[in-house]
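Heads up, the sequence shown is in full-length UniProt numbering, so the first residue is 1 and it goes up one at a time.
Read the hints as simulated data drawn from the structure, not as lab findings.
Note that the structure is predicted; figures quoted are calculated from it, not measured.
A few of these clues could be false.
In silico SDA-like cross-links for lysine to any residue, where the CA-CA straight-line distance does not exceed 20 angstroms [what the hints assert, rightly or not]:
1) K36 to P94
2) K131 to S90
3) K36 to G80
4) K131 to V34
5) K36 to R73
6) K36 to D107
7) K131 to V31
8) K118 to D77
9) K36 to V89
10) K105 to N87
11) K118 to R103
12) K36 to S2
13) K131 to A78
Cβ-Cβ distance ranges computed for the label pairs, FRET-style [said to hold, decoys possible]:
14) E52 to D122: 29 to 37 angstroms
15) N87 to A120: 16 to 24 angstroms
16) N87 to A126: 29 to 37 angstroms
17) G106 to A11: 19 to 27 angstroms
Just so you know, even glycine gets a beta-carbon here, dropped at the ideal spot from N, CA and C.
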Amino acid sequence: MSDCLFCSIIAGSTPAHVVLETPEVVGFLDVRPVFKGHTLLVPREHVATLVELPDELMVPLFGAARSLAAAVRTALDAQGSFVAVNNVVSQSVPHLHIHVVPRTKGDGLRGFFWPRTKYADDAEAAEYAGKLRAALG
């Protein structure tokens, strides 16, 4: 879709710090991360919501989420991760995306009122993306 931000990232028209690419899925850093390393996973095919996800994309998308949840622990010394999908409500971009957020006990995340952070600069964002790419192999 020409007016979809995530489709534009997938097409390479909009820059993003990509951490994972498969024939079916792309993962890139969230520009407003809950914590540094917060990644969004999206199907390459424009699918608006989880309900519309074709069966043949279920395993590639959620398999990538599983791999990335492991990678944030390895790459970022996180104790775990928070994996979530907003479906219509709070879905700021109408293209299905899975949030994979690194977590550490005592990180301050409580409920669904999340503080947001920023990367110091583009170089720091690139460093986080590189760590995640390396952990994904």
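- Message: Please check whether G106 and A11 have a Cβ separation lying inside 19 to 27 angstroms.
- Response: Check failed, 40 angstroms falls outside 19 to 27 angstroms.
- Item | 20 angstroms Cα cutoff - pair K118, R103 | holds, 16 angstroms
- Message: Run the distance test for K131 versus V34: straight-line Cα separation, threshold 20 angstroms.
- Response: holds, 17 angstroms
- Hint consistency between K105 and N87 [alpha-carbon to alpha-carbon, up to 20 angstroms]: Answer violated: K105 to N87 is near 27 angstroms, above 20 angstroms.
- Query: Going straight from one Cα to the other, do K36 and G80 come out at no more than 20 angstroms?
  - Reply: holds, 14 angstroms
- Item | CB-CB spacing for D122 and E52 relative to the 29 to 37 angstroms hint | Since E52 and D122 have Cβ atoms about 34 angstroms apart, the given range 29 to 37 angstroms holds.
- For the pair supplied as a hint, K36 and S2, confirm whether the alpha-carbon distance does not exceed 20 angstroms. Answer violated: K36 to S2 is near 29 angstroms, above 20 angstroms.
- Straight-line alpha-carbon gap K36 to V89, limit 20 angstroms: violated, 24 angstroms
- Task: Would you mind confirming whether the straight-line C-alpha gap from K131 to A78 stays at or under 20 angstroms?
- Result: holds, 12 angstroms
- Item | Whether the CB-CB distance between N87 and A120 falls inside 16 to 24 angstroms | The hint (16 to 24 angstroms, Cβ to Cβ) is violated, given that N87 and A120 are roughly 32 angstroms apart.
- Quick one, are K36 and D107 close enough, alpha carbons at most 20 angstroms? holds, 12 angstroms
- For the pair supplied as a hint, K118 and D77, is the alpha-carbon distance within the 20 angstroms limit? holds, 19 angstroms
Checked against the numbered hints above, the structure breaks hints 1, 2, 9, 10, 12, 15 and 17 and satisfies the rest.
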